[in-house]
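2 protein chains.
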Amino acid sequence: MSKGITSRDTDYSQWYNELVVKADLAEHSAVRGCMVIKPYGYAIWEKMQAALDQMFKDTGHSNAYFPLFIPKSFFSKEASHVEGFATECAVVTHYRLKNDGTGQIVVDEEAKLEEELIVRPTSETIIWNTYRGWIESYRDLPILVNQWANVVRWEMRTRLFLRTAEFLWQEGHTAHATREEAVEETNRMLGVYADFAENWMALPVVKGRKTENERFAGALDTLCIEALMQDGKALQAGTSHFLGQNFAKAFDVKFTAKDGKLDYVWATSWGVSTRLMGALIMAHSDDAGLVLPPKLAPIQVVIVPIYKTDEEKAGITGFADTLIAELKAQGISVRFDDRDTQRPGFKFAEWELKGVPVRIAVGARDMQNGTVEIARRDTQTKETVAQEGLAARVAGLLEDIQQHIFTKALTFRNANTVEVNTYDEFKQVLEEKGGFISAHWDGTVETEKRIKEETKATIRCIPLAGQPEDGFCMVTGKPSTQRVLFARAY
Amino acid sequence: MSKGITSRDTDYSQWYNELVVKADLAEHSAVRGCMVIKPYGYAIWEKMQAALDQMFKDTGHSNAYFPLFIPKSFFSKEASHVEGFATECAVVTHYRLKNDGTGQIVVDEEAKLEEELIVRPTSETIIWNTYRGWIESYRDLPILVNQWANVVRWEMRTRLFLRTAEFLWQEGHTAHATREEAVEETNRMLGVYADFAENWMALPVVKGRKTENERFAGALDTLCIEALMQDGKALQAGTSHFLGQNFAKAFDVKFTAKDGKLDYVWATSWGVSTRLMGALIMAHSDDAGLVLPPKLAPIQVVIVPIYKTDEEKAGITGFADTLIAELKAQGISVRFDDRDTQRPGFKFAEWELKGVPVRIAVGARDMQNGTVEIARRDTQTKETVAQEGLAARVAGLLEDIQQHIFTKALTFRNANTVEVNTYDEFKQVLEEKGGFISAHWDGTVETEKRIKEETKATIRCIPLAGQPEDGFCMVTGKPSTQRVLFARAY
Numbered sequence: 450m451s452k453g454i455t456s457r458d459t460d461y462s463q464w465y466n467e468l469v470v471k472a473d474l475a476e477h478s479a480v481r482g483c484m485v486i487k488p489y490g491y492a493i494w495e496k497m498q499a500a501l502d503q504m505f506k507d508t509g510h511s512n513a514y515f516p517l518f519i520p521k522s523f524f525s526k527e528a529s530h531v532e533g534f535a536t537e538c539a540v541v542t543h544y545r546l547k548n549d550g551t552g553q554i555v556v557d558e559e560a561k562l563e564e565e566l567i568v569r570p571t572s573e574t575i576i577w578n579t580y581r582g583w584i585e586s587y588r589d590l591p592i593l594v595n596q597w598a599n600v601v602r603w604e605m606r607t608r609l610f611l612r613t614a615e616f617l618w619q620e621g622h623t624a625h626a627t628r629e630e631a632v633e634e635t636n637r638m639l640g641v642y643a644d645f646a647e648n649w650m651a652l653p654v655v656k657g658r659k660t661e662n663e664r665f666a667g668a669l670d671t672l673c674i675e676a677l678m679q680d681g682k683a684l685q686a687g688t689s690h691f692l693g694q695n696f697a698k699a700f701d702v703k704f705t706a707k708d709g710k711l712d713y714v715w716a717t718s719w720g721v722s723t724r725l726m727g728a729l730i731m732a733h734s735d736d737a738g739l740v741l742p743p744k745l746a747p748i749q750v751v752i753v754p755i756y757k758t759d760e761e762k763a764g765i766t767g768f769a770d771t772l773i774a775e776l777k778a779q780g781i782s783v784r785f786d787d788r789d790t791q792r793p794g795f796k797f798a799e800w801e802l803k804g805v806p807v808r809i810a811v812g813a814r815d816m817q818n819g820t821v822e823i824a825r826r827d828t829q830t831k832e833t834v835a836q837e838g839l840a841a842r843v844a845g846l847l848e849d850i851q852q853h854i855f856t857k858a859l860t861f862r863n864a865n866t867v868e869v870n871t872y873d874e875f876k877q878v879l880e881e882k883g884g885f886i887s888a889h890w891d892g893t894v895e896t897e898k899r900i901k902e903e904t905k906a907t908i909r910c911i912p913l914a915g916q917p918e919d920g921f922c923m924v925t926g927k928p929s930t931q932r933v934l935f936a937r938a939y
Numbered sequence: 450m451s452k453g454i455t456s457r458d459t460d461y462s463q464w465y466n467e468l469v470v471k472a473d474l475a476e477h478s479a480v481r482g483c484m485v486i487k488p489y490g491y492a493i494w495e496k497m498q499a500a501l502d503q504m505f506k507d508t509g510h511s512n513a514y515f516p517l518f519i520p521k522s523f524f525s526k527e528a529s530h531v532e533g534f535a536t537e538c539a540v541v542t543h544y545r546l547k548n549d550g551t552g553q554i555v556v557d558e559e560a561k562l563e564e565e566l567i568v569r570p571t572s573e574t575i576i577w578n579t580y581r582g583w584i585e586s587y588r589d590l591p592i593l594v595n596q597w598a599n600v601v602r603w604e605m606r607t608r609l610f611l612r613t614a615e616f617l618w619q620e621g622h623t624a625h626a627t628r629e630e631a632v633e634e635t636n637r638m639l640g641v642y643a644d645f646a647e648n649w650m651a652l653p654v655v656k657g658r659k660t661e662n663e664r665f666a667g668a669l670d671t672l673c674i675e676a677l678m679q680d681g682k683a684l685q686a687g688t689s690h691f692l693g694q695n696f697a698k699a700f701d702v703k704f705t706a707k708d709g710k711l712d713y714v715w716a717t718s719w720g721v722s723t724r725l726m727g728a729l730i731m732a733h734s735d736d737a738g739l740v741l742p743p744k745l746a747p748i749q750v751v752i753v754p755i756y757k758t759d760e761e762k763a764g765i766t767g768f769a770d771t772l773i774a775e776l777k778a779q780g781i782s783v784r785f786d787d788r789d790t791q792r793p794g795f796k797f798a799e800w801e802l803k804g805v806p807v808r809i810a811v812g813a814r815d816m817q818n819g820t821v822e823i824a825r826r827d828t829q830t831k832e833t834v835a836q837e838g839l840a841a842r843v844a845g846l847l848e849d850i851q852q853h854i855f856t857k858a859l860t861f862r863n864a865n866t867v868e869v870n871t872y873d874e875f876k877q878v879l880e881e882k883g884g885f886i887s888a889h890w891d892g893t894v895e896t897e898k899r900i901k902e903e904t905k906a907t908i909r910c911i912p913l914a915g916q917p918e919d920g921f922c923m924v925t926g927k928p929s930t931q932r933v934l935f936a937r938a939y
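The listed protein sequences derive, respectively, from chains A and B. Here our numbering is used: position 240 in the first sequence is 689, and no number is missing along the way. Here our numbering is used: position 448 in the second sequence is 897, and no number is missing along the way.
Bound conformation, chain A alone (with noise of 0.2 angstroms):
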């Protein structure tokens, strides 16, 4: 069909593109390095932030927004943050256009800016300079804000979802009494994005800690969960960053403890992006297309009537209500694809491509022996089956399909995390097969930055779960206590 895309092996990458392009997820805008979200993507994402707002809301947050300007000053009261993104910025400088007489549409020149303004890139200055006024003592806090939000980070080379110089995200930022506390908060909210991946989007995700040198502009302590995508590539799909007082000494927020005393605020931050949605797409889908798990598909489950007659689709289409009604009522979203513009090979391609989960398809036979075809999208498999019962089936096959996902992309990145202990081997592996490489480092930056540049691997995180064990760097041969995962990553 014309919907074709170049398959995984052929070229990943361009597989990549094609399939977020023909599969109306998302397409290249006129601006650079703007993406259009399309319905179809965008509706994978709304049940994305559906789900994990509700995640937020359950652990105590509140929505709230800030402005989408950040006054150039505020980027540069703290040194490490303004550092970190000084230099991928959208600069506004004038209020105003004008017609410069000629017809020509033009900058207005008087109506220049005193102060630049810099578009977001996030959030912390803008929000740290605002909650000096809501904090005086410790009945303020905490103060647990989560903002949804668009912004700007200026990249040279982007990727629809992966790379792009807007995206949307939600950026939470909470302020803390006690250092545990902000401590704690760092680690739910990575164990809430934990959940989110693997329980919603069925991705196996590592919890870790970033190095130093990998860290948030601004942050003590950046914790990241990690996913292995099909090429062997891994990308980070969630960080929560512990801030300290970094960004209340900067900003000069105190608040007076129960003790009487004065103290700096401490802070967290963490945030995901619609990067989310390339991982999902890059994580599960195949050559046909998207393989999408149940739980974020906007459509869970096509029906496709095949019929010759008025009077067989009439019949099948009696059928279908019954069908579609019952499922509805069990909260699954199902669309009766009857188009008479298109033939049913045409809409199981399509179906498919769009990563519909579950797709049955009804014939003047099927109605004469109470039968459907029932295929599943990750498996490619088919079968016939009872109309009986059918809406249970479905909804039993969808549970199935979300958990199988999940193991499959479990599986394989079991097969993919190797340990080794020679720089040697961790260059033959990354070459030949890619994926996580377990090793021991020296915990230097200089070590770090080395084999960044040598392989292109870099320290994807240290493990929370990883246990002590006394090695020696693979590279340096000096002393390590703890294996850490390293790959090359988008």
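Honestly, I wouldn't trust all of these hints.
One copy or any two copies: either way a pair holds, since identical chains are not told apart in the list.
Straight-line C-alpha distance at most 20 angstroms; calculated SDA-like pairs for lysine to any residue [what the hints assert, rightly or not]:
| id | residue 1 | residue 2 |
| --- | --- | --- |
| 1 | Lys526 | Val556 |
| 2 | Lys547 | Thr536 |
| 3 | Lys707 | Thr790 |
| 4 | Lys506 | Ile748 |
| 5 | Lys496 | Lys506 |
| 6 | Lys757 | Lys905 |
Keep in mind that the hints were calculated from the coordinates and are not lab data.
Starting from the structure of chain A, add chain B where the hints point.
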């Protein structure tokens, strides 16, 4: 109490400004003209979003997302559109900051954009440029897309929610094969807005058509809903535009019709914004604080225990736990305010300020008598009622309050809508009473502008429900066939 606010009679404008801040809805940010929407305010906005979003989906629309930035050249393509928005645009000119060597962070002049980017004030141009790639034939139509987004219009005089440089909104952008279908969509969405305003916000609105002079920049027809605030000023609460083929022509979006002929696509756009928060506040609230319609109240019921001993508190808490479970089972949101740090009187005032529709106070004597004191926020009345059957009573009361708030606002609007037949009478009513004034107008922009200059009143709309009536323009004496609605407006 310390949170007392200026009364409406003393200074309506000051009352509004104080209420927004003291009820924790929003505050001014450090960025000129931009607001921070605080968690309590955002929770109301989320309820509005959820209701509207469902209504959009029920009428066949899907959400999508388009870039924040619009190339300057796109703006110039629709002449009246650029004229309407050019003077209030935030313009991005650079994409990088740098350290100037002295430790100062400055704009990197080497990172100047070839073409400036405008932060979207509305998205017709970027969306119609995108639709060109989505539309080939009538089979691709209609496109029924909505976007939830932030937009920026550089307002010089700003007020929280009512007029801010950045605001949140939704913008629907639809594409159709025929004029009739686009006109029908324009009307349908106006109906959705009116339905939402009246049945969720408890805000009676007049559906009408804008005069040519007040039309959206680029529209052939702008429909609107207009509401009346307590100070007698009108507020435009939502607009729905029939754009004709203007944007299709500007961006060369053609389609092949069923008969094989090429034609330009027909368009609509429609939007409501966080301005609705301002309307909600100003329409219903009183000198004690917010009055929220139950359907949009983040907390619908607050339970305040009144106790002296821990034993008394324990007894009341046991009762409250059961009640809360019963209320939640009915989908009612409830807060049990058992803070030991505040007295009941303080709590009563705080929840009044925040507009919680129903307050239940329970003391030790109530527990003995099997009663509670139940107070409704809208009328500020209270009564002692039996604990038995309380949950059902509360559910009924919430419905009553929703209805009562609407009826009260409708009665006010009716009492403040007058017909006048002379310009003197018009000016007198405007000065002494305000409100909507229904009068004959000769249909010319000149007269409309003259009235605005002389009285600051504008034509809010030509009511859709208005009856043809022969008369004479109150200013020029020229013939007129229908009364239009004037008011001073926000």
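Status of each hint after checking the structure:
1. For the identical chains of this complex, Lys526 and Val556 are inter-copy neighbours only, at 16 angstroms across copies versus 30 angstroms inside a copy, given an alpha-carbon limit of 20 angstroms.
2. For a Cα distance limit of 20 angstroms, the shortest separation of Lys547 from Thr536 across copies, 7 angstroms, qualifies, whereas the shortest one inside one copy, 29 angstroms, does not.
3. In this homomeric assembly, Lys707 and Thr790 come within 20 angstroms of each other (Cα to Cα) only across copies, at 13 angstroms, whereas the closest approach inside a single copy is 71 angstroms.
4. In this homomeric assembly, Lys506 and Ile748 come within 20 angstroms of each other (Cα to Cα) only across copies, at 14 angstroms, whereas the closest approach inside a single copy is 26 angstroms.
5. Taking the closest pair of Cα atoms, Lys496 and Lys506 come within 20 angstroms of each other both inside a single copy (16 angstroms) and across two copies (14 angstroms).
6. Proximity of Lys757 and Lys905 under a CA criterion of 20 angstroms is satisfied in neither setting, with 58 angstroms inside one chain copy and 68 angstroms between copies.
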